[in-house]
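J.: Following the hints, position chain B against chain A.
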Amino acid sequence: MSPVVWQMSCVAGLLVIAILAIVLSRTRSATAIVYSITLAVSLVALIGSVRWLVAGAQNVSDLTLPIGLPWLGAHFRLDALASFFLVVVNLGGAAASLYGLGYGHHDPAPHRVLPFFPAFLAGMNLVVLADDAFSYLLCWEFMSLASWALVMAHHRETGNAKAGYVYLVMASFGTLALLLAFGLLAGPTGTYEFAAIRAAQHTPYVAALVLILMLLGAGSKAGLVPLHVWLPLAHPAAPSHVSALMSGVMTKVAIYGFIRVVFDLLGPPTWSASVIVLFLGGVTAVMGILYAMMEQDLKRLLAYSTIENVGIIFASLGLALAFQANGLKLAAALAFTAALFHVLNHSFFKSLLFFGAGAVLTSTGERDMDKLGGLIHRMPLTSFVFLVGCVAISALPPFNGFVSEWLIFQAVLQSPDLPQWALKIMVPAVGALLALAAALAGACFVKAFGVTFLGRPRSPAAQNAGEVDRYSLAAMFILAAFCLLAGILPGLVIDALSPITLAILDSRMPIQDNEPWLSIVPIAASRSSYNGLLVMIFITLSASSAVLVIHRFASRALRRAPAWGCGFSEPTPAAQYSGVSFAQPIRRVFGTLMFHARDHVDMPAPGDIRPARLRIELHDLVWEGFYVPLAGAVGYAADSLNRLQFLTIRRYLSLVFATLVTLLLVLAIWS
Amino acid sequence: MVVISDILVQGIQMALVLLLAPLLTGFVRKIKARLVRRRGASIFQPYRDLLRLLRKEVVLADNASWLFRVTPYVTFAAIWVAAALVPTFATGLLFNWTADLIAIVALLGSARFFLALAGMDVGTSFGGIGSSREVMIAALAEPAMLLIVFCMALVAGSTQLSTVANFMASSHVGLRVSLGMAMIALIMVALAENARIPVDNPATHLELTMVHEAMVLEYSGRHLAMIEFGAFLKLLLYISLIACVFFPWKIALFGAGPLSYTVGAGIYILKLAVAGFLLAMFETATAKMRVFRVPQFLGAALMLGLLGTLLLFVSRSF
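In order, the protein sequences belong to chains A and B.
For our numbering, count along the first sequence from 1 and bump the result up by 213.
For our numbering, count along the second sequence from 1 and bump the result up by 959.
The shape of chain A in the complex, shown without the other chains:
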């Protein structure tokens, strides 16, 4: 069986499960059946794509089905880039299905989730496989609609209907941009096969327009600022394993679309394209993490952090474009590999963190961090894996997040060779933005873990929480293990990514397999190298030797006592630092500019017995400054046009006449 047929059969399998789920959905065992078959199919698809990625350097396997447009058919193709993204999709899908086996039992309305879950996975697989513009757009819409249905699964909860609406609007807008982009690419002859688009020459004007349209289309799905507004609404609204898929995987499918068009179909890039991508990436990274820092809802915090990571990936892709445009092939391969590595890493830890948030949600019924706390005692295993995810996403060694950020910084250091002045100034500035984002991510995840899992419980729900089921734990532990493995054996990942850079950029990073001790070397060993395995061994050795020495020679006595409370014994848990107060220093530093943040203190007069209150005023400037006026304008235009529906027949006739005359005039002047 050729690999693409293998993948397509898996997709067919997923679609069959979706139909099966409609039939089964009201039965009791539906959850177990659907998720276990989805898990099996995802694993089969995963095995197929991993094998094809590892084996195939330049191999391509394609398939044309006689469906869709009669003169076009539906083209599907599996190359190195597609198989990498299939690995990301199916690994995420398998983990989410495993998690769903446990989590799905707590779902109040499984019949709203079960049919769409496999359909959503199938949609993402199809987008990656599609090889002509028509099937690409069709699959893209299928994916969007399936995920929209999942966002609306619990549509009666407050905010979810709005989330679904905003998502639908933004998704339509994104598809419109993609439609125009493919229209431009197809040219006047209307060649929709990717192979023909790839072979065609595109004028710089068309290339620039396509780049901007792709940034709008793929960027709105991935969450680039300022098109991100739907993401923190929609991702948390879905059930947690779907949130994990949307944040960890669907944003990657959007990034795949961007890479496919801009790097593969569009031909050699111009350097000015990279300036836009770099700028958007850097700004998105910092804005995303600052939004996350201000957030009290655990799942929304994670969704905002997804925006940050998408920004990092786009910045890295921008670097790759800049190097590619200037013929610096090694550096381009480095930046591109870093971007792909971060795609993989983010799919690991973001899925893990959303699973953790889902576990907290099932166990306590709360997403608001300021009502949680102390869960490390009640959910020890969940809190352990969540901690692993937090350390990994904060880019701390020896976990995987650090490796990809390290590679990106190495790519930034390659850029003084770039000849253009705009890039010379842009690249260090973006490097600074990425460094700022990395540091803020650390702060943000100290907050996420510290407020949710540490301290004392802030509500009875958190007080009475318990550990979650074994399936959920298994899914989280597997992802945590991947986070560690990709962190300590990065050379294997980099080598596995080399067929992609060879196919797309015609160059690759040095072969890492030959490096002693499994180190990684981006350009040359004299310039920089990193060895996650040894760093981990060193830390373990020195920590354990410290423990040994101290427990051997020092006092081992330990006494439990109340925490020191400055004379106030037994202060209420409300006296702890909450998420809002934890963010206060950073809010004061960055928030006055970014959010027009203001603290209002309501201090009662002496003798008044009502409590003093502190109110925090935050403004989402993107929403209030752009979307609200836009929605207002659209509403005004609709209201004005509405009058046209209540005209007399005479006016309609004169309108028709006026239109006719105008069109004839245009025609006369035109020709």
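Everything labelled a hint here was simulated from the structure, so no lab data went into it.
Because the structure is a prediction, the values reported are computed rather than measured.
Glycine included, C-beta positions come from ideal geometry on N, C-alpha and C.
Incorrect hints may appear among the rest.
What the hints assert, rightly or not - Residues on chain A that point at chain B, a partial pick, calculated with CB under 10 Å:
{"id": "1", "residue": "S742"}
{"id": "2", "residue": "G745"}
{"id": "3", "residue": "S755"}
{"id": "4", "residue": "F766"}
What the hints assert, rightly or not - One side of the interface only, derived from the structure: several residues of chain B facing chain A at Cβ under 10 Å:
{"id": "5", "residue": "N1022"}
{"id": "6", "residue": "A1023"}
{"id": "7", "residue": "R1028"}
{"id": "8", "residue": "Y1032"}
{"id": "9", "residue": "A1058"}
{"id": "10", "residue": "S1091"}
{"id": "11", "residue": "V1094"}
{"id": "12", "residue": "L1106"}
{"id": "13", "residue": "E1177"}
{"id": "14", "residue": "F1251"}
{"id": "15", "residue": "P1254"}
T.: Only chain B this time, still in chain A's reference frame:
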């Protein structure tokens, strides 16, 4: 033979940083005391403090979790590994290639990450106030540090610290504006990272003005000893870093004879003493700033680092 000497140098370095770190802090405290005309404790007092803490029992808050008990060892280990990778008296350390400067910054970041979490573990306001302010300072100090790293790496063509030190020790560096900016920025970051005046006061006992000390307020006994030791090591690390990059005078180059190692070690201790003296002078002469002035201080460091890097990017074309 080469391998044995490599291992020896690396081993000596790891032991040396452990041995010297408390001494450096003791020295700084002594000088500070003398500058305000106190007699001050002996410069060996930090060792005694550590031993005393090790002998005491640990008083653990009722709801402290495993994370609280693990953190002292994790932070100590991360800082120790980082300190072992910064050349002190000799370049060409055996394990320099495992982690470059960016990784060293990230290792220190890991230590701080866990310490900030531990501050929130017990659920008292002091821990929270310390942690939240610490991450605010870190959120500005870390990018500044990374830009300084970029600046040094662009000059030396490597992020490998031994290579950087080798390059700086060679004669063809000359005076560069960007390196000057990087040095000033690095000193500012070092003051912030080590919780020194004017950013934080290591000697204060008023909780509301503390950052680092508030965060570790609940620690006692051997746990506190580990954290204090980590703090001593971090100060030594930053001074070694400044010394090996900007003042690599007489540092023993890779493969040099035992004599130059000895000279290197002697000069290194001298450098530590000079740096400690300057630090004490500076701390005595300045006042601590309000917490919300710190962002401006670190923002200046960030801008200096960025300017230095930008100058390097731009100057390549001339």
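J.: A separate judgement is required for each hint: does it hold in the structure or not?
T.: Each hint tested on the structure:
1. Of the supplied interface hints, the one on S742 of chain A holds, with its beta-carbon coming within about 5 Å of a beta-carbon of chain B, less than 10 Å.
2. The closest approach between the C-beta of G745 of chain A and any C-beta of chain B is roughly 9 Å, which is under the 10 Å cut-off, so the hint is satisfied.
3. Among the interface hints, the one on S755 of chain A holds; its C-beta lies about 4 Å from the nearest C-beta in chain B, closer than the 10 Å criterion.
4. Checking F766 of chain A against chain B by beta carbon gives a least distance of about 7 Å; that is within 10 Å, so the hint holds.
5. A cut of 10 Å between beta carbons decides the hint on N1022 of chain B: the least distance to chain A is about 6 Å, and the hint holds.
6. At its closest, the beta carbon of A1023 of chain B sits 8 Å from a beta carbon of chain A; the interface hint therefore holds under the 10 Å criterion.
7. With a cut of 10 Å, the hint placing R1028 of chain B at the interface with chain A holds, because the nearest CB-to-CB distance is about 9 Å.
8. Annotation: Y1032 of chain B was flagged as interfacial toward chain A, and the flag holds, the nearest CB pair being 5 Å apart, inside 10 Å.
9. Restraint check, A1058 of chain B versus chain A: the minimum CB separation of about 5 Å is within 10 Å; hint holds.
10. Of the supplied interface hints, the one on S1091 of chain B holds, with its beta-carbon coming within about 5 Å of a beta-carbon of chain A, less than 10 Å.
11. For V1094 of chain B, the interface hint holds, the least distance from its beta-carbon to any beta-carbon of chain A being 4 Å, beneath 10 Å.
12. At its closest, the beta carbon of L1106 of chain B sits 6 Å from a beta carbon of chain A; the interface hint therefore holds under the 10 Å criterion.
13. Interface hint status for E1177 of chain B: upheld, as the beta-carbon distance to the closest one in chain A is roughly 6 Å, under 10 Å.
14. Checking F1251 of chain B against chain A by beta carbon gives a least distance of about 6 Å; that is within 10 Å, so the hint holds.
15. A cut of 10 Å between beta carbons decides the hint on P1254 of chain B: the least distance to chain A is about 5 Å, and the hint holds.
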